[in-house]
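Asker: Sequence:
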Amino acid sequence: MTIERPWISKITEVKKNLLSTYGIDQQQIIESFSYEEMVYFLIFGKLPSIIEKELLRAVIVSHCSHGITGQSTLAVRMAADCGSSFLNAAIGGFSVGSGTYHQGALELTMKLLQEAYKHGDIIKYLEERISSKSVIYGYGHRFHPRDPRAMRLMILCDEKSYSGPYIETAREIDNYMRAHRSKSMNIEAACGAILLEIGFPAEIASLIILVGRAPMFAAAYFERMNENERPFPRIKVYDVKPSLKHE
Numbered sequence: 058m059t060i061e062r063p064w065i066s067k068i069t070e071v072k073k074n075l076l077s078t079y080g081i082d083q084q085q086i087i088e089s090f091s092y093e094e095m096v097y098f099l100i101f102g103k104l105p106s107i108i109e110k111e112l113l114r115a116v117i118v119s120h121c122s123h124g125i126t127g128q129s130t131l132a133v134r135m136a137a138d139c140g141s142s143f144l145n146a147a148i149g150g151f152s153v154g155s156g157t158y159h160q161g162a163l164e165l166t167m168k169l170l171q172e173a174y175k176h177g178d179i180i181k182y183l184e185e186r187i188s189s190k191s192v193i194y195g196y197g198h199r200f201h202p203r204d205p206r207a208m209r210l211m212i213l214c215d216e217k218s219y220s221g222p223y224i225e226t227a228r229e230i231d232n233y234m235r236a237h238r239s240k241s242m243n244i245e246a247a248c249g250a251i252l253l254e255i256g257f258p259a260e261i262a263s264l265i266i267l268v269g270r271a272p273m274f275a276a277a278y279f280e281r282m283n284e285n286e287r288p289f290p291r292i293k294v295y296d297v298k299p300s301l302k303h304e
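Counting from 58, one number per residue, gives the positions in the sequence shown under the working numbering.
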């Protein structure tokens, strides 16, 4: 005989005409919680401090408007060309971009910062990684010698006198990378350090990518759908040089 076992969760209680999350009625949550407060509350079961709330807001917003040069956003535009719904286009964008060099970099950067801090000798840790040709996630950007988003996030921490071991680790790595590799802190190192300081688990760092990038995907999809151009625009692609003649 099969015994049915219910799903068990301590997050939200569901009763007739009542939803209660960690003991707080959702009507109250709807009335008074900001979005970043709700994200924090769902994960940690408590409200963030004023500084944690402001920094989480900044981290989410910093991921929103990133242009259309990223492969993930290009995938969204291509899906629009195919007549796909926005939901399918967004899924395509997240699937294409989920690799280690794009949207997956935030989680890997957070884990790198944890490893570097735990190692104790950050310079030695970096030299060991570089000598083994391992990627230093969170540093360097193809367009920005100094990522303006990372700079603003670090200034925000300074303005609020907010720091900790992971922010200090990120800054020490930044000093080394700028001096020895001509690379500087990018958005993922800045955001990763802040997220670690507020206790955010690296394993679910992609949540920030989902809630941060989704509005840009929507904007890029909507823009493409409203352009007065034919779908499947002609793009010149050659396997050989156009001038090459076959005898």
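Simulated from the structure, these hints should not be mistaken for laboratory data. Watch out, some of these pointers could steer you wrong.
20 Å max Cα-Cα, derived DMTMM-like pairs, lysine to aspartate or glutamate [stated by the list, open to error]: (1) Lys240 with Glu229; (2) Lys175 with Glu229; (3) Lys175 with Glu260; (4) Lys175 with Glu94.
The calculated label-pair distances, taken between Cβ atoms and stated as ranges, are [said to hold, decoys possible]: (5) Ala236 with Glu70: 26 to 34 Å; (6) Asp138 with Asp178: 48 to 56 Å; (7) Ser89 with His176: 22 to 30 Å; (8) Asp138 with Val268: 36 to 44 Å; (9) Gly256 with Asp138: 25 to 33 Å; (10) Val268 with Lys190: 30 to 38 Å; (11) Pro258 with Tyr92: 18 to 26 Å; (12) Lys72 with Lys168: 38 to 46 Å; (13) Pro202 with Ile125: 33 to 41 Å.
Glycine included, C-beta positions come from ideal geometry on N, C-alpha and C.
Asker: Hints first: check each against the structure and report whether it holds.
Answerer: Here's how the hints hold up against the structure:
1. Lys240 with Glu229: Between Lys240 and Glu229 the Cα gap is close to 13 Å, so the pair holds against 20 Å.
2. Lys175 with Glu229: At roughly 14 Å apart (the allowed maximum being 20 Å), Glu229 and Lys175 satisfy the hint.
3. Lys175 with Glu260: Distance ~17 Å between Lys175 and Glu260 Cα, so the pair holds.
4. Lys175 with Glu94: Violated, because 30 Å separates the two Cα atoms, which is more than 20 Å.
5. Ala236 with Glu70: 26 to 34 Å: violated, 54 Å
6. Asp138 with Asp178: 48 to 56 Å: holds, 51 Å
7. Ser89 with His176: 22 to 30 Å: This hint is violated: roughly 43 Å between Cβ atoms.
8. Asp138 with Val268: 36 to 44 Å: violated, 26 Å
9. Gly256 with Asp138: 25 to 33 Å: violated, 42 Å
10. Val268 with Lys190: 30 to 38 Å: holds, 34 Å
11. Pro258 with Tyr92: 18 to 26 Å: holds, 19 Å
12. Lys72 with Lys168: 38 to 46 Å: With Cβ atoms ~40 Å apart, the hint holds.
13. Pro202 with Ile125: 33 to 41 Å: violated, 21 Å
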